[in-house]
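> As they're listed, the protein sequences go chains A and B. 693 is the number that our numbering gives the last residue of the first sequence; the numbers go up by one with no jumps. 693 is the number that our numbering gives the last residue of the second sequence; the numbers go up by one with no jumps.
Identical chains blur together in the list; that is why a pair holds if it fits in one copy or across any two.
Quick list of in silico lysine to any residue cross-link-like pairs, SDA-like style, CA-CA up to 20 Å:
| id | residue 1 | residue 2 |
| --- | --- | --- |
| 1 | K472 | A507 |
| 2 | K601 | P618 |
| 3 | K436 | R659 |
| 4 | K691 | G152 |
| 5 | K680 | F259 |
If you are wondering where the hints come from, they were derived from the structure by calculation, not from laboratory data.
2 protein chains.
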Amino acid sequence: MPIPGSKTNTGNTVLRIGLAQINPVVGDLIGNSELIKAEIAKAKDQSVDVIVFPEMVLTGYPVEDLALRPAFRQASQDKVAQLASEIKELGAGEMLAVVGYLDEGAKPLNAVALIHDGKIKARYVKHHLPNYGVFDEFRNFAPGTDSLVVRFRGVDIGIAICEDIWQDLGPVSELAKRTPGLVLVPNGSPYERNKDDARLALVKKRVTQIGAPLVYVNMVGGQDDLVFDGDSLVVNESGDLLSRAPQFQSHLGITDIKVAVNSSNPDLIISDSVNQTPHPNTSVNQIAERIPEAQEIWQALVTGLRDYVLKNGFKSVALGLSGGIDSALVATIAVDALGKDKVFGVSLPSKYSTEHSLTDAKDLANNLGIGYRVIEIEPVVQSFKAATELTGLAEENVQARVRGSLLMGISNQEGHLILATGNKSELAVGYSTLYGDAVGGFAPIKDVFKVDVWNLAKWRNETARKNNQTPPIPESSISKEPSAELRPGQKDSDSLPEYQLLDRLLDLYVDKNGDAAALVAAGFSQDLVDKVIAMVDRAEYKRRQYPPGPKVSAIAFGKDRRLPMTSRWKER
Amino acid sequence: MPIPGSKTNTGNTVLRIGLAQINPVVGDLIGNSELIKAEIAKAKDQSVDVIVFPEMVLTGYPVEDLALRPAFRQASQDKVAQLASEIKELGAGEMLAVVGYLDEGAKPLNAVALIHDGKIKARYVKHHLPNYGVFDEFRNFAPGTDSLVVRFRGVDIGIAICEDIWQDLGPVSELAKRTPGLVLVPNGSPYERNKDDARLALVKKRVTQIGAPLVYVNMVGGQDDLVFDGDSLVVNESGDLLSRAPQFQSHLGITDIKVAVNSSNPDLIISDSVNQTPHPNTSVNQIAERIPEAQEIWQALVTGLRDYVLKNGFKSVALGLSGGIDSALVATIAVDALGKDKVFGVSLPSKYSTEHSLTDAKDLANNLGIGYRVIEIEPVVQSFKAATELTGLAEENVQARVRGSLLMGISNQEGHLILATGNKSELAVGYSTLYGDAVGGFAPIKDVFKVDVWNLAKWRNETARKNNQTPPIPESSISKEPSAELRPGQKDSDSLPEYQLLDRLLDLYVDKNGDAAALVAAGFSQDLVDKVIAMVDRAEYKRRQYPPGPKVSAIAFGKDRRLPMTSRWKER
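The following block holds chain A by itself, in its conformation from the complex (with noise of 0.2 Å):
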């Protein structure tokens, strides 16, 4: 209940914010526990006052049924206190420190910990439950209910958590009727291209609404198939952007505002008293620009793939080489990710391997500067077909399996985590090989249509260029018909449409959820149509099978689009 009659002063402060982008683990209490300190002693160097965390940065985000574990729970609750203890251990404890974490009431809670002198000095526990796409937080989480306002420094500081600001009513009309001099806001959004630059849109709205500065924090990272890219920003009460982070780094912000001071009645007063002494100069207030989109999904792909490789322990990362585009880009990505010395080229030759492909995948490999060998398959595919009858279809699939046996063979020898090369478009039509190229243990560009499959690998080649390094992925690999390559002149276009037009469709169906009528009002024929809803629909086993991968677009295969296996649904 706020604190009557509270409103006792006017005029304006300065307050020195640190929005603190980080990459946290899930699960990792301690590791995650010691990022936030490091954190807060950089900013405690730079006269921070308030420093801002991303959603439940504590314990890594999303923590998924992890919450519903007692002892999870009750580790993040030990560990936020002991942090706030720590905080103050390194002299620190004047600072006011927004830290995400997990709660528990009657249900596990999503919620933040205001941090001052050594203490929890309040609580906020979100709102809105995001329960859609990606999301489980319904699943998860108990809503909160109350909406928070403190004082600290004679600034009456508001808080929200990340779908909170998304939705119209609760929290955020609630601020608004509150008049809080600044709003904090920790996030744990994941990137998705295409956004049109939503979240600045957004935050000045809610600046609009609620009438005060609003410092948005987001993480940065991979977390199995979702990728953070930061982003985080702060906006004063005129709209004005005042200071943004580059994406997908780790980044603290720092970021002076002037904001109202005495402008509501707080729940709490931490402390009343202004700064009195101005902040020392230093760098604060910088915008990173915004990159463009090719470079944006680039560096969600990077860092998906690094994220995985790196939290999961894996030291190094193998794939096969086919001397395509797919396996040129995958492994393009993987040097970009990890660095040339963990990343480990297979070339696969079959007797249906046309000469072009051993020479680029080579090229590929030379201008990597990767490990490369080549394993010729034919001798196991002949031992296959000695032991049982594989004809047509059977014979082209066992190409694939004895390729994905090999280098999962490799993985167990040399421990190198396999990549699979799979792009969305053969995804989502079941054009691939159960356990043979499907096999790995992450799928960096499944969540890429292969247009952009070739529209990456240009603007990468073109980067390089710009940068007088060698463009490593050889022009023939993208200029060349694409073809799986597991019969004598086999093109992908055999029995699939053009990528450029299946793609678009494939866009409507599946990252759009358009319906086979507004396909076929988009100008698609209804044969098209219906044979293209009815292969996406029968691959949904497989997809069950596939590695995860990072999502990039609005709907990725995956936790997204979770639909029946067994279903006779024809949409027509």
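Assemble chain B onto chain A, guided by the hints.
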């Protein structure tokens, strides 16, 4: 809004209720509609007044994200309207039919239509949307807000859907206030062992609270990783069980119930006049005996496999027969589900396979009368070893992967669905080879611990003996020590605790979601607890790529237990 003053009469009448415990297919609006009409025709012949179908029977259940597709919602609404007129055309327009379907308002709705005289007279929308365990209903539907009581043949009938009666507040207390004469509850309630007859206890409790008889109708059949066991039942207002349908079987249960007339202020009067003539004599109010637990689990596994195969249009299944207990059990389940002519066993011996493994596999195939062939894998394994260095674990795994690739080759060549034979204990600790023994489209015993695999095998043999049939599973497959036979003299117990011990620990950790501390308190050593928990947590990535299989436990691997792969949380 209730019609004021419509409570105009007292006394009792008898309604004849049809409990249509049927097996719909998800997405099959046409087929499900035909099923519904066939039941209505049967019910008409038996002078049924009211026929009640399971939850979302028209669309199948659960539809998951199909609910988010506008064309599917529209098709469901169109189909239920069409069904209403077709029921009248059948001459059954006088019957009240309670049909679950997918409707929509601002969001998709889990609804039932009350159909009479060729029209949808009323609609009820589910209030409580389960969003835990295997359920994602808060993701897919908006909750209903209004209760519904309609007067039919003078009886005021209230409606609730499934989860509505599992929660104390909401529809149950609302219905209690409205004093209906009868309550009808369509359900989509999956089988789970050890429920201790929770449904009957619940229904009795609700009857007492509401003060009216309750009709509980559940579906049967398998849908991906769920199995519905029926168990439809009626309890009268004194709490007596009036009828109960046999589990796992499609069944139209005819039940005569004495009910109060004009007991409420209904929202709608469909017909005011009570039944004048007594119902003809027929076989009504039958109470099927509950089957013993082993048989219950067996039927769940058989149903899950049968429906995955049939609903997805497969003609046959194939699996590797190792001579061990897991593959023997799966083969026997498959024969019970599909008949011996649709099951094909493949023995894939290596140089480490013992003589008895081959004999046991062959004996099993003979006992079952299934197709059987032997393929020696050694030459194929040698071809892999010639292609690349494979020693130790890599060599062990290549044997498993050669087997997997051979099975998939046979699948591609001959069209069988491959069955994976892993049990829950193996899946839990990661004791399986990705793309090796883990290959397959369906995994019938993935939710059955090893000790239960033995118990079920003994039960199945014993049942055969009682029926003077040959026990299918060779005794030595049951009695011998478990071994993967991937190296000389290998035993599961080399790397795992004894299964009797392991399974009790896994039951606490996985099925009961117990903390490490709880496991130690239950008497397991800290070392063992730490070791097993680490194995379970580390194997999450393997389980993600494992085929689906029927849930029979409280928490099955899959959508019941959503844990991150990338996690550093160590529970201790």
